[in-house]
Amino acid sequence: MKQLIIVALLAALAAAIPSLLGENPYIIGLLISVLMMAALSSAWNIIGGFAGQYSFGHAAYFGAGAYTTMILISSWNVNPLAGMVAGIAIAAVIALITGSIVFGLRGHYFALASIAVAEIIRLSVLNFEFTGGAQGILLANVTLWGLDLNSKDPFYYGMLLLLVVTLAVTIWLRKSKTGYYLQAIREDQDAASSLGINLARYKNRSLLLSAALTSVAGSLYSVYIRFIDTSAVLDLRLSIEIILTAIIGGVGTLWGPVLGAILLVPLAEMLRSNVIGDSLVKLGIVSETSALGVFLSENLAHAHVLVYGIITVLCILYMPKGILGLFRRIK
Amino acid sequence: MLFIQSLISGILTGGVYALAGIGMSLVFGVMNISNFAHGDLMMLGMYLAYYAFTLLHIDPYLSLVMIIPVSFLFGFLLEKVFISRVIDHPHQNQILLTIGLGLIMSNTALLAFTSDPKILTTSYSSSAINTAGGLSISIPLLLSFLITILITTILYLFLLKSSTGMALRATSQNREAAQLMGINVAKMSAIAFGIGTALAATAGALIAPTYYIHPLAGHSFLLKSFTICVLGGLGSVVGAGVGGLIIGVVESMASTYISTDWKDVIVFVLFLAVLLLRPQGLFGKNGGQ
Chain A
111 MKQLIIVALL AALAAAIPSL LGENPYIIGL LISVLMMAAL SSAWNIIGGF
161 AGQYSFGHAA YFGAGAYTTM ILISSWNVNP LAGMVAGIAI AAVIALITGS
211 IVFGLRGHYF ALASIAVAEI IRLSVLNFEF TGGAQGILLA NVTLWGLDLN
261 SKDPFYYGML LLLVVTLAVT IWLRKSKTGY YLQAIREDQD AASSLGINLA
311 RYKNRSLLLS AALTSVAGSL YSVYIRFIDT SAVLDLRLSI EIILTAIIGG
361 VGTLWGPVLG AILLVPLAEM LRSNVIGDSL VKLGIVSETS ALGVFLSENL
411 AHAHVLVYGI ITVLCILYMP KGILGLFRRI K
Chain B
7 MLFIQSLISG ILTGGVYALA GIGMSLVFGV MNISNFAHGD LMMLGMYLAY
57 YAFTLLHIDP YLSLVMIIPV SFLFGFLLEK VFISRVIDHP HQNQILLTIG
107 LGLIMSNTAL LAFTSDPKIL TTSYSSSAIN TAGGLSISIP LLLSFLITIL
157 ITTILYLFLL KSSTGMALRA TSQNREAAQL MGINVAKMSA IAFGIGTALA
207 ATAGALIAPT YYIHPLAGHS FLLKSFTICV LGGLGSVVGA GVGGLIIGVV
257 ESMASTYIST DWKDVIVFVL FLAVLLLRPQ GLFGKNGGQ
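Protein chains in written order, with our numbering: chain A, 111 to 441; chain B, 7 to 295.
Just so you know, the hints here were simulated from the structure itself, not pulled from any lab data. Hints may be right or wrong, so weigh each one.
What the hints assert, rightly or not - If you want the ones that stay clear, here's a sample from chain B, every Cβ over 12 Å from chain A, calculated:
(1) I14
(2) A43
(3) V71
(4) H97
(5) M111
(6) T114
(7) L116
(8) K124
(9) S132
(10) A134
(11) F164
(12) L166
(13) T170
(14) H225
(15) L281
Stated by the list, open to error - What the simulated footprint calls covered on chain A by chain B, stretch by stretch (three residues with Cβ under 8 Å from a Cβ of chain B suffice, anywhere in the stretch; the number is not a length):
(16) 111-119
(17) 349-360
Fair warning: this is a prediction, and the values are worked out from it, not measured in the lab. Heads up, the beta-carbon is just placed ideally off N, CA and C, and yes, glycines get one too.
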């Protein structure tokens, strides 16, 4: 209950930000990305953190939401919300198929199979014609109940709502019977099984929940950007970013994924827009015309995945329980 | 005729896949680690062969003499510095660590070699033996296959006869028992990872003359190697060899009879089918663990 109140208070604060900022589309855009990654990572946390089943293919569910929504809108001009619901259904089907194949198995198999499923979907979308193939799908504008969805604000609130729902589900799950079963499965599958917990059923449930929330984020993202292709919504890189965000914040904790998103998304954005390279030049640390300066300005923008790699390695070696885990140890 | 043609090219390519698969399987068997950097190690092998050829004018097949020891050493050090520290961690941490290492390798390659795909063209790149029946056998693929057989035979004898090989197999069968028998399992892990890296790099070098060389090429080879290992039974070296040939043939048949675009999809569907029907693989012993 206490946690629910904290979530509600923080959400109220976050809801006030757009009106405080005034017209600042760049910052709002960045905040939407932070909220989205926080929601995605929290949704992943339900299966990865609580049940201890690391899915390396969550891009599949994100892509399912995004593609289903975009195809329905572009072909049949369906209401975006109906597209979102259809996206949840498709994501649920994918989750059920994945779950029924691998949840009878242990160890490395779920990780491997989740990647295989995601890759099958990515390559199929790339090869089919109705999905737009390599070109992707572009929409000129999207309307909801006659309203133009060109402003960023509705998506800010949409992502915030999704994050709040995901956190509320997490809080509920932690105190529910299902949640205890999942934690028992994470800690010791044999012990959980011998106490009569149906491993496959509970793993499937948490994967379904996680997939549904992830697909909603995909639907919101697709209508927000109005352009999707496989490299944006179905890539393995996205799956890894989602996990990494949770790891850095703290896997299996309520606030870990949120903290991870607050740290990682702006960092990636700074690298992408080359803020770091530019400021090194401005501060006079690196001369703009020197070889290093030229190299930084040309390449640092492409280096954000490299930085992700370095952070992953350091994180696993030195703080595998994430920032919150580190904090807890100090306390 | 078309059938035999695609069977032959499938087996020839499959040999190289088998090499990569054996490397991954060995690491899995000895260390119980899924190495997600395997594809990127293969990519590094491709670039080593490419630059040995363009800068030093060494034939890609000859350059293996240099690539194998260099990559063994690289793998050995990777294990000592990074992997050995997570050997007792939960397997998801091991996976994430190797993913991180893979990202560092592929994106460093992206910075160093740019994203333009490179093509290694030797004087015999497009030459082929044309048999009486109208079959054509690509010379570089045939050479790669023969080298693969040579390397696999040497590795097999090494594992079977040498004392280090026996120690490796013992560690693979039971780590604790091997340690109690006085085997230095930490050293065995580093050697296994070194051999795994050398095999990945060799497979990369062997496939370089017939493939686009790109910093992100490792991605599809990683998934292929996993399919091969699971098909053969995780940790089974013989299984990985057979699995590689099967994947090569399946891919080649799929390209001939269905479409090149769908060949990877078919390989991954096969992967899921194996998990569903025979999770222990063709040669695996303990299923589903």
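- Output the numbers, in ascending order, of every earlier hint that fails for this structure. Those not satisfied are hints 2, 4, 5, 6, 7, 14, 15 and 16.
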